[in-house]
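Single-letter residue listing:
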Amino acid sequence: MNKIQLEEDTCKEFERIATEYKIYLEGNILKVIEPLGYDEFNEYIALAKKNDNINRKKRLEVTKQVQAQNKELQEKQNKNQTLMEDLQEAIEKDKQANASMEEQNSELKETHQKNEALMSELKDALSEAENAKTTAQNDLDVIQKKTQFELIGNIVSYALYVIVGTGLITTALYVMAIIKGSPETTLIGSTWSNLFGILLTNSFSIIGTIMGVKYASKDESSNANK
Amino acid sequence: MIIKSILLVDDENLFHLVFEDACSLLDISLTLQSVSSADEAEKMFKHYMDHPNDNQFQKPEVVFVDLNIVGSSFDGIELVRRINFHYGNGVVIGIISSSADQTEISRSLQSGAQFWIVKSDDIEPRLEDFKKDYPAYKNRTAEFKVYK
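Protein sequences appear in the order of chains E and G. Per my numbering, the first sequence starts with residue 1, numbered consecutively. Per my numbering, the second sequence starts with residue 1, numbered consecutively.
Honestly, the hints are just simulated from the structure, not real lab data. Everything numeric in this text was worked out from a predicted model, so none of it was measured. Take the hints with a grain of salt, since some may be wrong.
[As the list claims (entries may be wrong)] Okay, the calculated beta carbon distance ranges per label pair: (1) G:73 / E:40: 53 to 61 angstroms; (2) E:77 / G:135: 39 to 47 angstroms; (3) E:35 / G:135: 35 to 43 angstroms; (4) E:111 / G:71: 54 to 62 angstroms; (5) E:16 / G:146: 19 to 27 angstroms.
[To be verified] The list that follows gives simulated cross-link-like pairs (lysine-lysine, BS3-like), each with its CA atoms no further than 25 angstroms apart: (6) E:3 / G:145; (7) G:119 / E:71; (8) E:50 / E:71; (9) G:145 / G:132; (10) G:138 / G:4; (11) E:58 / E:22; (12) G:4 / E:31; (13) E:22 / E:12; (14) G:145 / E:49; (15) E:3 / G:138; (16) E:57 / E:76; (17) G:138 / E:31; (18) E:64 / G:138; (19) G:131 / E:31; (20) G:132 / G:119; (21) G:46 / E:49; (22) G:46 / G:132; (23) G:46 / G:148; (24) G:46 / G:4; (25) E:58 / G:131; (26) E:64 / G:131; (27) E:64 / E:49; (28) E:31 / G:46.
[Claimed, not checked] Where chain G lies over chain E, by a calculated footprint (3+ residues, C-beta under 8 angstroms): (29) 58-69; (30) 183-193.
For each residue, glycine too, the CB sits at the ideal point set by N, CA and C.
Could you put together the complete structure from these sequences and hints?
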């Protein structure tokens, strides 16, 4: 590339501006200006290049710092992005877990309701079974009592038949002895009297025993009910 | 030897400033143009090919291409390949990336890249080394080199 040569007046004008306002040429234009034959402008060019280098170095340092900060910020942003993604993922997982838990809760509630219904049915069944048991016990009791009463009734009936039969026979024998005037009348009379006394005693004894048994069975049943 | 014009293709705008200042301080180039996407760079090369006498847009002598150019439809190595095989014709071209992955370096070599500069906070020494090697790159006598 051909370098450019400036007119001396132009060079002097640049020098004047530099002296008065501290304004110098800068950038790559300095690289293409051909130095002139006099020292002042050569010094001007050297100073302008020096200033340009100083400024560029400063700018380079600042730019590098900004670049480093920018890189750091970018890394932090990336980290934040990753954290946000992780957080989002965690939230999603949490939501899914909640949904699953709710589903399980719902299933548990349903199972609980079924269990309660079964428990209720079970209680009803138990209650029914207890009622049936009580009814059966009562029936059994009634049957037992009925059987006992029938037995007692039979015993009493037979005992009374025997007593009444014996009483009638002995009375009949005693009456016949009186009518016929038997010498054994006195003996038969005292025997009849004794026998009748015994029969009455036995009758009352039987009646007393029956009453006692009835009373005792009443007590037992009332205790059992309590 | 000073390079007349450089094209930097990099999506990081702050690196444009760093690169421009570093090139200026090291007297590497006279002019530097920066673009942020590989598509834009390809369009520019199409223009250079279609309008070779357009003085307003002259083809750069050296092209530095970032490996991963965010917002582009293809990566830096593909851009190097397209420039080399379609529009290049004597352009010195290479990759400038913070990565030093051997597979990518091999890919870039296959695509016709002449060098690989590893980006770092201290880019100046690498550019200075590149400046020394530039004449050999221009004459196509230098071997592929990685500046670390």
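Right, here's what the structure says about each hint:
no. : hint                             : in the structure
1   : G:73 / E:40: 53 to 61 angstroms  : holds, 55 angstroms
2   : E:77 / G:135: 39 to 47 angstroms : holds, 43 angstroms
3   : E:35 / G:135: 35 to 43 angstroms : violated, 25 angstroms
4   : E:111 / G:71: 54 to 62 angstroms : holds, 59 angstroms
5   : E:16 / G:146: 19 to 27 angstroms : violated, 51 angstroms
6   : E:3 / G:145                      : violated, 32 angstroms
7   : G:119 / E:71                     : holds, 13 angstroms
8   : E:50 / E:71                      : violated, 31 angstroms
9   : G:145 / G:132                    : holds, 13 angstroms
10  : G:138 / G:4                      : holds, 12 angstroms
11  : E:58 / E:22                      : holds, 18 angstroms
12  : G:4 / E:31                       : holds, 11 angstroms
13  : E:22 / E:12                      : holds, 14 angstroms
14  : G:145 / E:49                     : violated, 32 angstroms
15  : E:3 / G:138                      : holds, 22 angstroms
16  : E:57 / E:76                      : violated, 28 angstroms
17  : G:138 / E:31                     : holds, 21 angstroms
18  : E:64 / G:138                     : violated, 30 angstroms
19  : G:131 / E:31                     : holds, 16 angstroms
20  : G:132 / G:119                    : holds, 18 angstroms
21  : G:46 / E:49                      : violated, 36 angstroms
22  : G:46 / G:132                     : violated, 30 angstroms
23  : G:46 / G:148                     : violated, 32 angstroms
24  : G:46 / G:4                       : holds, 20 angstroms
25  : E:58 / G:131                     : holds, 22 angstroms
26  : E:64 / G:131                     : holds, 21 angstroms
27  : E:64 / E:49                      : holds, 22 angstroms
28  : E:31 / G:46                      : violated, 30 angstroms
29  : 58-69                            : holds (count 7)
30  : 183-193                          : violated (count 0)
When the structure is compared with the earlier hints, violations turn up for hints 3, 5, 6, 8, 14, 16, 18, 21, 22, 23, 28 and 30 and for no others.
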